[in-house]
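Can you make the complete structure from the sequences, with help from the hints?
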Amino acid sequence: MQDFERVRDVVTQTDPSFAGVDRATLDASMEDVRARAAEGATEPFLLSAMQLLALAGNGHTRLIPNDAISVLPVRFVAIGASVVLTRTAGQRAHAVPSTLIAVNGMDVAEFERAAAPLLAGTPQRQRVIGPILLAWPAALAHLGAVSTGDVTQYRLKDAGGAETTLELRHGETVPASELYPRNEHGRSDPGWSPRAFAEIHERGEAGVILELPSFFDPGRRALPDAIGKAAAWIRAHRDRRVVLDVRGNTGGDFLLTMPLIEAVVESAGPAGVAVLVDKFTFSAAIVFVAILKHRLGKKLTIVGEEMGDGLRFYAEGDTLDLPASGAAVRYSSALHDWETGTVDETTPADIARVIVPVGRLEIASLESDRWKHLAFDRESRAGVVPPG
Numbered sequence: 001m002q003d004f005e006r007v008r009d010v011v012t013q014t015d016p017s018f019a020g021v022d023r024a025t026l027d028a029s030m031e032d033v034r035a036r037a038a039e040g041a042t043e044p045f046l047l048s049a050m051q052l053l054a055l056a057g058n059g060h061t062r063l064i065p066n067d068a069i070s071v072l073p074v075r076f077v078a079i080g081a082s083v084v085l086t087r088t089a090g091q092r093a094h095a096v097p098s099t100l101i102a103v104n105g106m107d108v109a110e111f112e113r114a115a116a117p118l119l120a121g122t123p124q125r126q127r128v129i130g131p132i133l134l135a136w137p138a139a140l141a142h143l144g145a146v147s148t149g150d151v152t153q154y155r156l157k158d159a160g161g162a163e164t165t166l167e168l169r170h171g172e173t174v175p176a177s178e179l180y181p182r183n184e185h186g187r188s189d190p191g192w193s194p195r196a197f198a199e200i201h202e203r204g205e206a207g208v209i210l211e212l213p214s215f216f217d218p219g220r221r222a223l224p225d226a227i228g229k230a231a232a233w234i235r236a237h238r239d240r241r242v243v244l245d246v247r248g249n250t251g252g253d254f255l256l257t258m259p260l261i262e263a264v265v266e267s268a269g270p271a272g273v274a275v276l277v278d279k280f281t282f283s284a285a286i287v288f289v290a291i292l293k294h295r296l297g298k299k300l301t302i303v304g305e306e307m308g309d310g311l312r313f314y315a316e317g318d319t320l321d322l323p324a325s326g327a328a329v330r331y332s333s334a335l336h337d338w339e340t341g342t343v344d345e346t347t348p349a350d351i352a353r354v355i356v357p358v359g360r361l362e363i364a365s366l367e368s369d370r371w372k373h374l375a376f377d378r379e380s381r382a383g384v385v386p387p388g
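With the first letter of the sequence shown counted as 1, position 353 gets the number 353 in our numbering; the numbers rise by one all the way through.
Honestly, I wouldn't trust all of these hints.
Claimed, not checked - Here are the in silico distance ranges between beta carbons for each label pair:
1. R235 to R203: 14 to 22 Å
2. G57 to Q2: 25 to 33 Å
3. A236 to D107: 50 to 58 Å
4. R360 to Q91: 43 to 51 Å
5. A109 to W192: 42 to 50 Å
6. P357 to V174: 40 to 48 Å
7. A28 to T340: 50 to 58 Å
Just so you know, the hints here were simulated from the structure itself, not pulled from any lab data.
From a predicted model like this one, the values you see are computed outputs, not experimental measurements.
Glycine included, each C-beta is placed from N, C-alpha and C at the ideal position.
Take a look at the structure:
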């Protein structure tokens, strides 16, 4: 009940993203969470709270169960239009990587439709945070992918098209945080962290790729230093074709990246600038792309897939730990509207000063003949611009 009270206060008092939710729907969902809390049933409580917080339709506002639950020892990641097994335990390494077809007989697409009410934000955001449910036995049962006894079956397809079945007993579970990080980045290694805030890679005639894997720097020293060095490099190599890579960048502080934006805009040559994005591009990284698009116009080409949020969302806020269950609640406090450039009383002054109306972003496919040469493995590159 203590956890319920914290969730209730976020929904009713703290987070403005719930303002547009139908009151009757909100009240009914709140009552279900309260009832699960009163029963003392941790996993049903968490699943119910996930559904309540997802009603905001805001990707930054969600329940994060990772530290509170155990999952089967499999890591699934949404890659392109597929869900891919990227890691497992024991003698099952032969199954990695492979595409998931079904879990306990339920087709992946059907499972994703059933899971949508539990997941926050846009469909792309849901595809980022949803795979943990495929490894969580309680969620599988809740969503209709019922196990046979205490065994969950995954039907998989390898790169050659051969199908196989992977069976895992529920007694084999591990802490979810070992396989599913709170800020899902999409790499096969759940413990991945950026080696540098800016890495430059020469790509011959294609130009130079500047990889920007994260804008999150609590110390606020390493990121500005790396951004400054990258900006200086860009200015020293004017008219080079520049490709900015923010795939997997889950955000941070976009204000610290403004010197790089200025350098890119000032140095853009006739070939223009491209930026690589994917569903793991979030928050401040989306804002980075939006500002570049506003400043460069047709000289910027965005390549990849839809990002993890739209141009209008609520952010800032903080994360609350729920003491009884061990889960966390990510809540929001401020409007970011880069679609129309609108601000309100919740928008921080430093952001309101720079916000611009971008409208919409057109994204070219990375699979097209013009861009597929850029679809290299982002996990295998070495950096040459250190973070500090």
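The hints, checked one at a time:
Our hint of 14 to 22 Å for R235 and R203 holds, since their Cβ atoms are close to 19 Å apart. For G57 and Q2, the hinted distance range of 25 to 33 Å is satisfied, since their beta carbons lie about 27 Å from each other. For A236 and D107, the Cβ-Cβ distance of about 53 Å falls inside the hinted range of 50 to 58 Å, so the restraint holds. A hinted range of 43 to 51 Å for the beta carbons of R360 and Q91 is consistent with their spacing of about 49 Å.
Checked against the given bound of 42 to 50 Å, the beta carbons of A109 and W192, roughly 28 Å apart, lie outside it. Range check, P357 to V174: about 46 Å between beta-carbon atoms, so the 40 to 48 Å window is met. For A28 and T340, the hinted distance range of 50 to 58 Å is not satisfied, since their beta carbons lie about 32 Å from each other.
Hint check: violations occur at hints 5, 7; the rest are consistent with the structure.
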